[in-house]
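If you want the building blocks of each chain, they are given just below.
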Amino acid sequence: MNDEYLWNGQGTSPEIEKLESLLTDFRYQPVPPPALPKPASRWWQVLRFAPIVATAAAAVLIVGWAVTSSTKTLDTPGPLGDVIAYTAPVDTRLPPTQIGPVPQKPMITRALFIQRPASRRRHGSGLKKPPVTLTAEEKNAYDQVVLALFITGTQLRTVHDTINSMESNDEKRTLDQK
Amino acid sequence: MTLSGFVPKLSATTRPVSEDRGIVEAVKAGDEAAFGQLYRKFAPLVHGVLLSRMPPEDVPDLVQEVFLAAFKGIGSLREPDAVGGWLIRMARNHAAGFYRSRRVAEELPDDVAGQHTPHAEATEAMLAIRSLPAAYSETLMLRLVEGMTGDEIAQLTGLSPGSVRVNLHRGMDMLRKKLEIR
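Here the protein sequences come in this chain order: A and B. The numbers in the working numbering rise by one with no breaks, and the one at position 24 of the first sequence is 24. The numbers in the working numbering rise by one with no breaks, and the one at position 141 of the second sequence is 1141.
Among the clues, some could well be false.
Some chain B residues near chain A, calculated using beta-carbon distances under 10 Å [unchecked claim]:
no.: 1; residue: F1067
no.: 2; residue: V1145
no.: 3; residue: D1151
Just so you know, the hints here were simulated from the structure itself, not pulled from any lab data. Here a beta-carbon is modelled for each residue, glycine too, at the ideal position from N, C-alpha and C.
So here's chain A without its partners, still in its complex pose:
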């Protein structure tokens, strides 16, 4: 065997030359490169993020609704004040004459709220809020957040009213049928 021929094809080696000629049919035949996938259109790139944007918007709406509703609840204190409002559970298995509070852990029926700091209470503390100065940018952002919360709250209120009216209509119909 000719080492030089095996390495770089120089010289002669009948054995390797015969193998090369036999295998030449299997050699790579140049063909054009494959067609490359086209990059996604700009619209598709924008729409790709639509679910994420929608989820984020929903999260903002939910948080906004929660904030507005909690503020409202805190403004109208329950029977035990605006810190914790709960009612004792009633054991309905007992006859009516024996109905009374069960000495167990109180069941919380309303939302549990953390007490507001004294500086933020409306009544009683007498402390004044420190003046807050906002930059124009912060003011603009604040206004936008308030507007978004207002719109969201209005829409939720509308839905709530609609559901209530539907329920009351259903009740009326049931009573009328009876």
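The hints should help you fit chain B onto chain A, whose structure is shown.
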């Protein structure tokens, strides 16, 4: 006394590392012309590697698949100068996937075995090369089928010329024994 004695001699096989790097960086940036350049340079290498692992009639399609996958995944190539070795690994993976998905059972056809037509001898030689250990069969495919020299094989694969030379000689010895037995 001159400093030339202390300067390490560059071997004849030292390749310009910036060439592949430039092509790869351009392909990463989405340059189709650079991709064509990459394809023309490395397609015979990928073809040879695939040929050492799968039936010849399926190789051209898989070469295209390998390069498509390479285009999509080239962002993950950290060392652009090692693009040859990276493409070889990709070709090996595609060949393995080919067998996993199709469960190919390839045997020497009855009408070929024992015949002495050029086609039968070629098929026999091809199967004999493919039966060698991967390092030898790949190197021999690149040398005997794709017609590359030892230096070219070393440049494209990233192997040292010494390793290529050893693979060629040992592979050739094993191939000779196999063909003599048959």
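Here's how the hints hold up against the structure:
1. F1067: Check passed: Cβ of F1067/B comes within 6 Å of chain A, closer than 10 Å.
2. V1145: With a minimum Cβ separation of about 5 Å from chain A (threshold 10 Å), the hint on V1145/B holds.
3. D1151: This hint holds: D1151/B lies near chain A, its Cβ roughly 7 Å from the closest one there, short of 10 Å.
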